[in-house]
Amino acid sequence: MTPQLAIFFVLAALAVLGALSLILQRHPIHSALSLIVVMIALAGLYLLMGAEFVAAVQIIVYGGAIMVLFVFVIMLLNAGVEERTNVSKLAGIAGIPLAVALLGFLAVVIARSNASAEAGLQSGTLASTKEISMMLFREFVYPFELTSFLILVAILGAIVLAQREKS
Amino acid sequence: MNAFLAANATIIISLVKIALLLFIVLTVNAYLTWFERKVVAHMQSRWGPHRVGPHGLLQPLADGAKFLLKEDPTPAGVDKFTYFLAPLMALALALTSIAIIPFGPDPLPWTIWGQKVYLGIANLNIGILALFAITALSVYGVALAGWSSNSKYPLLGGLRSSAQMVSYELALTMSVVGVLLLAGSFNLRDIINAQAHHPELGILGWNVWPQILGFFCFFVAAVAETNRVPFDLPEAESELVAGFHTEYASFKFAMFFIAEYTSMITVSCLCAIMFFGGWLSPFPASWTFTHYLPSVILIPFGLWVIWDGIRYETIFGRIILPGLGTAITAIGAVLILFPPVNEFIQGPFWLLAKIFVFLFVYVWMRGTLPRFRYDQLMSFGWKLLLPVSIANVVITAFVILIRGVK
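Listed in order, the protein sequences are those of chains X and C.
Quick note: the first sequence uses this note's numbering, first residue 1, plus one each step.
Quick note: the second sequence uses this note's numbering, first residue 1, plus one each step.
Just chain X, with the same shape it has in the complex (with noise of 0.2 Å):
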C-alpha cells in the first residue's frame, strides 16, 4: 500500500464518518461542525489528485464562507438540541430501497470499470490554476458569467426582503 492509497483511505474514512455523524447528530451546531469535516476531508482528497487551486478554492468557499454562514445563523438563532422524530412512512417504503438501489448501482459501475484505484491518485496537470482559468473564461465563459449574475439576483433579493419593513 503506498502512502498516497493509506492517505486516501484516511480522508475517505473521514468523509464518510462526518457525513454519518451530520445526521446522526441532534444539536444542529455540531451538524456544522461534521459538514466542515466532510468538506475538508473532500479538499485533502483534491489535493490527493493535484488539484492543489480547487482544495484550496473548497477550503476557503465551502469550508470557511459558507459554513461559517451556516454556524454564524445557528448561533444567531441560539438553535437548541432537535427532537429525534421516528422514520416517515414515505422514507421507509420509498427512501430505503433507492437508497440501497443507487448504493449497488454505484458499486457496480465502479467493480466494472477498469481504472485502479492507483490511477486517479496521479497529480494531473488539467487541474492547474492556469487550465482552470483557461477553462472558465475562455470555452465557458458565459455560463460562468450567467451564474455570476444568478449570485448578484440572489443578493439582490436578499436586499429587497431585509429592507421590506422600511416602506
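Just so you know, these hints were derived from the structure itself, not from any lab.
For each residue, glycine too, the CB sits at the ideal point set by N, CA and C.
Be aware that a few hints might be false.
Stated by the list, open to error - Simulated restraints on C-beta separations:
id, chain 1, residue 1, chain 2, residue 2, range
1, X, Gly92, C, Val16, 52 to 60 Å
2, C, Pro387, X, Leu76, 47 to 55 Å
3, C, Leu201, X, Ala13, 47 to 55 Å
Use these hints to put chain C onto chain X, whose structure you have.
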C-alpha cells in the same frame, strides 16, 4: 540505521524543522508579549515589567508558569466537546499558517544526507491561497468559543468577531490580487523573486510602490482579521468583559492568546513578503558594504547590553545581562570573520528586520489608536476597503494589459 536515515531524509528533516520552528515561534510569542508591554509602557511614561529578571526579561516565563498552574474550571452548562475544540482549533490553525512562510532564499551551506535544506517548511504552489484557507477556517475558533461557553458576553463577542472576520476577509483577499497579478504566481518564493527583477533599484523595486493601495487595504484588513487594536471590538472590555474567551481560564486562555500573537507574526511575515520584498535588501545590489550591516547593528547592541548589565542593580542582572551581551557581540563578530555565513544570513536578516518593524507597528497602534465603533467598523470594511481593493485590482490589471505581460 544510517541507511534508514538517508532513505527517509525528507521526512526526518521536515519533522526537525517543524519542531525547531514551533520552538522558535512559541519563544518569539512569549517575548512579543514582553516587548509589547515594555513599548506600550514607555509610550505611557511607565516602566512596564521590570521585577522578574533584569528588565523584566523573565516575565514571559513567569506568565507561562502561571498559565500552566492556575485552576482551570469548566463552567456549568457548556457544550463540552466544542468548548475544548475551540482553543485547540484556534492555536493549531495559527501555528499551521507559519509553516508556509519561506524564511530565506538559499538552502543551508551544507547538505544533510544529500538533501538541500531550505529555510521554511512547506514550499506550496498555492502558498498564499493555502494561507487564506487557514484564515478562513480560523473564524471557527472564535465563533465556537463564543457559542459553546453558554454565557451572553462570549456569545456576543463571538458573533461580533465572526461578523468582523468574515467582512474583512473579502477585502484581505481582494487586496493581494494586485500582487498576484504582478508576480503571476501564488507561490511566496515566486512573489519575492518577482520583486527582484531590478536589483539596482533596491527598495524602489518592491511591490509596495505600484501596490500602495493594495498594501493599505491588506494591512488594515489583516489587523482586523487578527482582532487587534483598533479593531479589537470582540474583546471590548467595557462592553463585553473579555469577549469570546471570557469563560476560558488557565491554559485554554493561553492557547487563544498564543494564537492571536502567532497570527500577528504571520501577518507581519506576509506584509514583508508580498509588499516589502521579503528577504531582498533595500539597498542596490552593488552596495556590497551593506552586507556588514547585521554586524554593525549586533556588535554595538551587544556592547551596550554588557555595559548596561555591569551597572544593573541586582546581582542576577549583573550575571545574565553581560552574558547575553557577550553572546550578541560574538554573533556579530562571527558574521564579520566568516564571509560565507554572512552571505547566507543576509536574506533571513532582512526578512526578520521587516517582520520586526511590522510587529512594532502593531504594538505602536495599540499604544496610540482608540477603538472603532461597531457600525463604523462595518461601514469602513464594506464601503471603503472593499471598493478600494477592487479598484486596485482593476487598475493593476489594466496597467499590466497595456504594458504587456512580462
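Item to check | List of violated hint numbers, smallest to largest | outcome: The structure conflicts with hint 2 only, although it agrees with all the remaining ones.
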